[in-house]
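*Asks:* Each step along the sequence shown adds one to the number in the UniProt record's numbering, with nothing skipped, and position 22 is 22.
Think of the hints as simulated: they come from the structure by calculation, not from any bench.
Incorrect hints may have been included.
[Said to hold, decoys possible] Heads up, simulated EDC-like pairs for lysine to aspartate or glutamate below, C-alpha to C-alpha not over 16 Å straight-line: (1) 239 / 211; (2) 239 / 184; (3) 102 / 259; (4) 161 / 55; (5) 295 / 184; (6) 366 / 55; (7) 318 / 288; (8) 295 / 259.
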Amino acid sequence: MAGSVDAGVRLSSPATKPMSCGDMTSCTLFRSTDNLVVVIDIPRSIEEAQVLPGELPARRLISSRPPHTPWQTATPKKLQHTDVPKPASAIIGELMVLERVKGALEQVAELYSGPWCMPRIYEAKECQSPSGKPRKRKRPASETTARNVADTKVSPYLPTKSHHLLGTVKSLRDTFLATAPTFDVMVIDPPWPSRSVKRKKDGYTIAYSMEDAGRLLSMIPVASHLAPTGLVAVWVTNKPATVELLTSPRGIFSQWGLELVCEWVWVKVTSSGVPIIDINSTWRKPWERLLIARKGGHPNLSLQPKIILGVPDLHSRKPNLRSLFDEIIPSGYRGLEVFARNSTAGWWSWGDQALVFQERHHWVHKGEPEGFDGASMVAEPQSNNS
Numbered sequence: 001m002a003g004s005v006d007a008g009v010r011l012s013s014p015a016t017k018p019m020s021c022g023d024m025t026s027c028t029l030f031r032s033t034d035n036l037v038v039v040i041d042i043p044r045s046i047e048e049a050q051v052l053p054g055e056l057p058a059r060r061l062i063s064s065r066p067p068h069t070p071w072q073t074a075t076p077k078k079l080q081h082t083d084v085p086k087p088a089s090a091i092i093g094e095l096m097v098l099e100r101v102k103g104a105l106e107q108v109a110e111l112y113s114g115p116w117c118m119p120r121i122y123e124a125k126e127c128q129s130p131s132g133k134p135r136k137r138k139r140p141a142s143e144t145t146a147r148n149v150a151d152t153k154v155s156p157y158l159p160t161k162s163h164h165l166l167g168t169v170k171s172l173r174d175t176f177l178a179t180a181p182t183f184d185v186m187v188i189d190p191p192w193p194s195r196s197v198k199r200k201k202d203g204y205t206i207a208y209s210m211e212d213a214g215r216l217l218s219m220i221p222v223a224s225h226l227a228p229t230g231l232v233a234v235w236v237t238n239k240p241a242t243v244e245l246l247t248s249p250r251g252i253f254s255q256w257g258l259e260l261v262c263e264w265v266w267v268k269v270t271s272s273g274v275p276i277i278d279i280n281s282t283w284r285k286p287w288e289r290l291l292i293a294r295k296g297g298h299p300n301l302s303l304q305p306k307i308i309l310g311v312p313d314l315h316s317r318k319p320n321l322r323s324l325f326d327e328i329i330p331s332g333y334r335g336l337e338v339f340a341r342n343s344t345a346g347w348w349s350w351g352d353q354a355l356v357f358q359e360r361h362h363w364v365h366k367g368e369p370e371g372f373d374g375a376s377m378v379a380e381p382q383s384n385n386s
């Protein structure tokens, strides 16, 4: 029964056995038997996505040090007068997510005693900000723009049978229309407006307003390139306006001919499984939501709400979801990620930063003691639940 405490399946090494680089297994560390709750290792999910299912990745992803304590969050000094009160539907939706998260945390605490993340490789000199959040790794500006990626002399790593469109939705829309096949799943991570992200000329570009985000999403030719039984999964922030933009009667899903059918929630936790932010916090939440939609009137695959627990990695890195879609979509399907920051084997990726995390300085081959720029790397075994 959904929501009840159920037996779980542990997929990681036994709690009494320290994990090493040679013990790397599936990115899924725990799965409840009803498959509604999973614990996923974020870097490993990206590593696995570099090769086709069933193959073993040959490279390790350079990550941030896993947070051992929750992030320090401060109450805003001044509330924005332009903030609109939350509608009742948003408040109810938030409470429903909260209850699902509480239930998932209780279930995993009762049934799982293994590590919450695999050993990570990171810079030995890495430090954290006073808030406890991992700093963004400082790299040359070439890391953040498609123009500079193209100018890099050393080619990035390209996953097996991957195809990338390196440019903006606007600049490559015609190319996509002319060359792209239909897709069985589209994962979209929009650059939602954010007060906390500064707009920089060579930095991570975000939409200036919700209207700007809507225009950008409207340009993606979903209706013409989604298979009849295909899925579209869109990451949203915890601002009600992002959900409203997608799900309102005249929203983006309606424009694409889709209906909302399911919601997955990624809950960010520390290396000991504690939410990275108090789940009852008024101002911030430790989760991000993924809204999954399909074409109206078409019977679909077995879709259920899911709670994904995972220790966060570098800023803007989300779990790669291919392994989860592999479980519900027949083999041989076509996948597309829009506004991508890395590529996936067998998938298409589209965005002006689609190769950012494919650059070679983000990776080391297994067994290498040294990383990029001669910086020593650390593979840190993670402690188990007490």
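*Asks:* Evaluate each hint against the coordinates.
*Replies:* Status of the hints after comparison with the structure:
{"no.": "1", "hint": "239 / 211", "verdict": "holds, 14 Å"}
{"no.": "2", "hint": "239 / 184", "verdict": "violated, 28 Å"}
{"no.": "3", "hint": "102 / 259", "verdict": "violated, 27 Å"}
{"no.": "4", "hint": "161 / 55", "verdict": "holds, 13 Å"}
{"no.": "5", "hint": "295 / 184", "verdict": "holds, 11 Å"}
{"no.": "6", "hint": "366 / 55", "verdict": "holds, 15 Å"}
{"no.": "7", "hint": "318 / 288", "verdict": "holds, 9 Å"}
{"no.": "8", "hint": "295 / 259", "verdict": "holds, 6 Å"}
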